[in-house]
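Novice: Produce the entire structure from the sequences given, and follow the hints as far as they go.
There are 2 protein chains.
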Amino acid sequence: MPRWKLTLEYDGGPFVGWQRQETGPSIQAALEDAVAALTGRPGSVYGAGRTDSGVHALHQVAHTDIERDFSAQQIRDALNYHLKPNPIAVLAAEPVAPDFHARFSATGRAYLYRILNRRARPTLDLGRVWHNHHRLDGDAMHEAAQLLVGRHDFTSFRSIQCQSDSALKTLDRLDVRRAGDEIHIDVAARSFLHNQVRILVGTLELVGRGKWRKRDVEAALQACDRAAAGPTAPPEGLYLAAVTYDPQENG
Amino acid sequence: MPRWKLTLEYDGGPFVGWQRQETGPSIQAALEDAVAALTGRPGSVYGAGRTDSGVHALHQVAHTDIERDFSAQQIRDALNYHLKPNPIAVLAAEPVAPDFHARFSATGRAYLYRILNRRARPTLDLGRVWHNHHRLDGDAMHEAAQLLVGRHDFTSFRSIQCQSDSALKTLDRLDVRRAGDEIHIDVAARSFLHNQVRILVGTLELVGRGKWRKRDVEAALQACDRAAAGPTAPPEGLYLAAVTYDPQENG
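Top to bottom, those sequences are chains A and B. The first sequence begins at 1 in this note's numbering and counts up by one. The second sequence begins at 1 in this note's numbering and counts up by one.
Zero decoy hints are in this set.
Since the list can't tell identical chains apart, any single copy or any two copies may satisfy a pair.
Listed below are the simulated SDA-like cross-link pairs for lysine to any residue, each with C-alpha atoms no more than 25 angstroms apart in a straight line:
id: 1; residue 1: 214; residue 2: 149
id: 2; residue 1: 84; residue 2: 54
id: 3; residue 1: 84; residue 2: 235
id: 4; residue 1: 84; residue 2: 13
id: 5; residue 1: 211; residue 2: 134
id: 6; residue 1: 84; residue 2: 125
id: 7; residue 1: 84; residue 2: 127
id: 8; residue 1: 169; residue 2: 223
id: 9; residue 1: 84; residue 2: 181
Simulated from the structure, these hints should not be mistaken for lab results.
Specialist: Written as structure tokens, this is what we have:
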């Protein structure tokens, strides 16, 4: 049965998150319904990253098996047709090897976090940014962020509900830069702990406001205690921006 | 009575347009209501550009007279408070000379038009772009656009309802460039005719699709007949991006 890699974009606002849940509409369920509408039988869709409620994707990757013989363009267009009116788009469908797994084959993930840093509320970007009206020092945030790059025990930076066996992770990139009246945080790693990006952002925000200094970030990391780090930044500023695979896995 | 220059951002989607109308909510009316709530008496707000229904602003300029003695920060924050929950934000308030007029003192206006040029529908940018699934040649659009730069009779490129005495206008800039899966059109002039930007975009789109060539654009301009140009592009891709004033007028 042919396996398909799907590249997805979505507005996470109306959903309980990626994962199918009893409590409300999920992106996974919307996609599985679209696959079922296309093929006439139930189908499973697996995602590279299980984004939380309200978290967006510019580039999520999923895979699914579709038995009938469609072209890549037909799969993309038919799934988009059946996904209406959900704010989920299949940007591309590509045939991949039968052992390709969107989650387990992924070798890297990147997220973008957008903070709208001004007094006035967002208008065009409502639900797309964290509105933060404290004047944030992006350079200080970037400098403190560099302490977190590399291999560390990120126990302080994961949800207490996180089910990962180990909190040892390697952050490949954590860049903070000002873009007009926004602060953009770019973060990349092989994989992340639950809420890790949002807790990193919530902690760096304390540095940006001048409430914390670099040494406080270092102390939070060393404490290995969720209570030692900053708050979890809101979901609406977070975007899954890229998922990468080894070239031979990439279809 | 002190005059204030207001720099505004708004989502044009829920409004009948800038101008106060009987038929529905307008940006002007929302602002005038906010001024009245702040001062306790009716006030008029004048805009630099009368954006149509559905057209957005990244940077609109308006002026209003507010008698009581507030600081610029107080005006901005109080108007934003009273504007809730409208998707309109006062980015800045500045005191200006009593003869400053947002519309008549303006020496230039710039618009951005965004086309989402892909098969899949917009998700995060729904209502923020013209979704056009024909593959558009941005270079060909840019080349044809250069025929329209300069001083011309733009009769073919204005709404038949346009009330301007003359269709002679000088286009200072009409740049088309691809940005990922979007086509961005940047246009600047001292002033524009009604629907001029949207008709320019609707005409260049025909070039992008390969239905028209440069000579067709030239013929449309020379015809001085609205029916000779392309269709009016939809409002949701259009953003008022800048309004400029002579330095001495600028508060």
